[in-house]
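Visitor: Residue numbers (my numbering), protein chains in the order written: chain A, 1 to 91; chain B, 1 to 560.
If you're looking for bench data, these hints aren't it; they were derived computationally from the structure.
Just so it is clear, the structure is predicted and the values come from calculations on it, not from any experiment.
Ideal Cβ positions, reconstructed from N, Cα and C, are used throughout, including at glycine.
Do not rely on the hints blindly, as some may be mistaken.
[Claimed, not checked] Only some residues are given here: those of chain B computed to face chain A with a beta carbon under 8 Å:
#1 Thr-24
#2 Pro-27
#3 Leu-45
#4 Tyr-48
#5 Val-86
#6 Asp-201
[What the hints assert, rightly or not] Result set (DSS-like, lysine-lysine): computed pairs, CA atoms no more than 30 Å apart in a straight line:
#7 B:Lys-514 <-> A:Lys-87
#8 B:Lys-15 <-> A:Lys-89
#9 B:Lys-15 <-> A:Lys-65
#10 B:Lys-15 <-> B:Lys-514
#11 A:Lys-87 <-> B:Lys-553
#12 B:Lys-15 <-> A:Lys-61
#13 B:Lys-514 <-> A:Lys-89
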Amino acid sequence: VLCYVFDMTRTEAIAIITAKLAALDDERVITVADIVQDMVGPAAPALNLTDEERAAIQRSKEDFKAGRTYSSDQYHTEMTAFMTELKSKPQ
Amino acid sequence: MRRVVRSRTYVAQLKAFIEQSTETFGPAVAERTLARIDHTIEQHLARYPNKPIDDRLGVYTYAALRTPFVLIYDFDEEELRVHFIVPARADRTSIDPTTVEWKLGGAVDFAAGPTADTVRGRGLERASIVPESTMITQEQNSFLTETGPGALTGELFRRYWIPALLAEELPEPDCPPVRVRLLSERLIAFRDSAGRVGLMDEFCAHRGISLWFGRNEEGGLRCPYHGWKYDVTGQCIDVPSEPEESGYCRKIKLRSYPCIEAGGAIFAYMGPPAEMPPPPAFEWVGLPSAHVYLSKRWQECNYLQAMEGGIDSSHVSFLHRYDLDRDPLHRNTGGAKLTRRTDTAFEIFESTGGLLIGARRPADPGRCYWRVTQWLMPFYTLIPPYQDNALNGHAFVPMDDRNCMVWTMTFHPARPLGGIELELMQHGAGVHAELIAGTFQPLANRGNDYLIDRAAQAGNLTFSGVRGIAIQDAAIQESIGPIQDRTVENPVSTDNAIIMARARLSMAVEALAKGGRPPGLEPDAQHVRASAFVLDEDASFREAALNAAKVRKSEPHVAV
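Turn these sequences into a full structure, and let the hints steer you where they fit.
Guide: Here it is in structure tokens:
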């Protein structure tokens, strides 16, 4: 079993596989090397975004320039309050 | 690890995404989806961001609880900046959410939900490490460990027949009632005058008195306080203070659960009546009673850490090391000698009803000794046997979130258990425990430090100083605390089976929340064996394990 956890990034998977190559026998190294080679390409194909989504990403970039951002602590506080409110709504 | 900064636009978009998920799947799944997204960002992307698809932005595609999404971000050495989350719709031809090519052993079918192939890569057989990402959050830990009414995992468990009592606890009609704590519910069990078993709320509907003090007579259990009487379905059949013609008692019914008596156990079904599964079909349930010995012991911790001990075959080489040489039900077997080896590697695959967990240790040159444990949904294990010794299994049944009842089933498919075997087991040999008379509390327990014997530890009579395989397990698992904090553990490769079992349980819970049927309910899924064998190094473990797992009536199991 290769522990490729399903929320792992490709880069992470490559890093783990590469680190373990030395422990594998030759045949397996070749197999793994092929897999890693395949993975080295772009992280994902080009994404078709709608105009609205492109505009939102632009807004996000401007958020960063203007400091309209959440640190991790701020974010978790915000989302905890949001989930509490969401769960209190009648389903 | 980069610090994570999220834009206001991202947070607004995420809220809309989660709100939509709540409407579609309900708040519990939405909350879990949010936790998975946060975990992905904070534990994976912040550590190992994928290369950007161009100079400006990175894109990460993922499916949390069958909700595919795309994250858009950029990063430098110190910071991961999250811009946007996009639901990955099927009309995005370039990122098809149903078939994302991960290039790691082939396409992953997200439409079918997370599977073994999305959890494990394909094309490789073994991992050397389990990455840190397998650590779980507090929310995930609570999700898996809470089994009371209303808890999601508890709802899953209620879909299975659950071992509630030994049949011998209710030996005859009108015998004294027995208190039962199951999935955080306090219940009373009794056998009525006709021999039928009832399992219902422990407390009288009138003034809340425990019916354990009740009189079990003439077809029902009567509360000693004011004489209200109940039949095995929980229906009140007599309220002496009210005129019979008033029909008052017919309006009173205690919650009750149907029971099945099989294999020396009384199983209860606590789920929706319309979803009642077929009766239990474990091999030990169908054997003649002389072939089976059951015991149970109270363990003061959450079921999950107890069950994970049962899944974790690698601890045998340490915790039980000297016992395998000395225990009368293990010593002098080839397997016991081979199990001393501590360089264990695992090969695991999903079975219909759980996992087949192969632990491989070196045997003769060019050969491997395999011990194959069965983990069966939702909390059963079957332990690999030693030679012609009887097979053993456990059920780790939650009493509440901080206590469980560890059942031990010892059985032999081809012969009755011998008198000496039975006597030894009754005194705590094998994987049974010696109990305080009249209780299910082990004689060696948390209150007396498990009667630890440091001289025996120093003299290599026991590895831990605790005597007896079952009590060694109990001592170690209880020492963690009543509910293990899994956010601070450090899993390694030998913990793969535990991680996969957690994932399988989680997926079953999530599937159930969406109306799916839990795995492992069908007889075929339960009618399997554990095994132990020696194979050539290049032989197919999977083929051998599946073959050895088959139950062949009256034929002995596969073991060395």
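Visitor: Output the indices of the hints that this structure fails to meet, ascending.
Guide: Hints 1, 6, 11 contradicted; others consistent.
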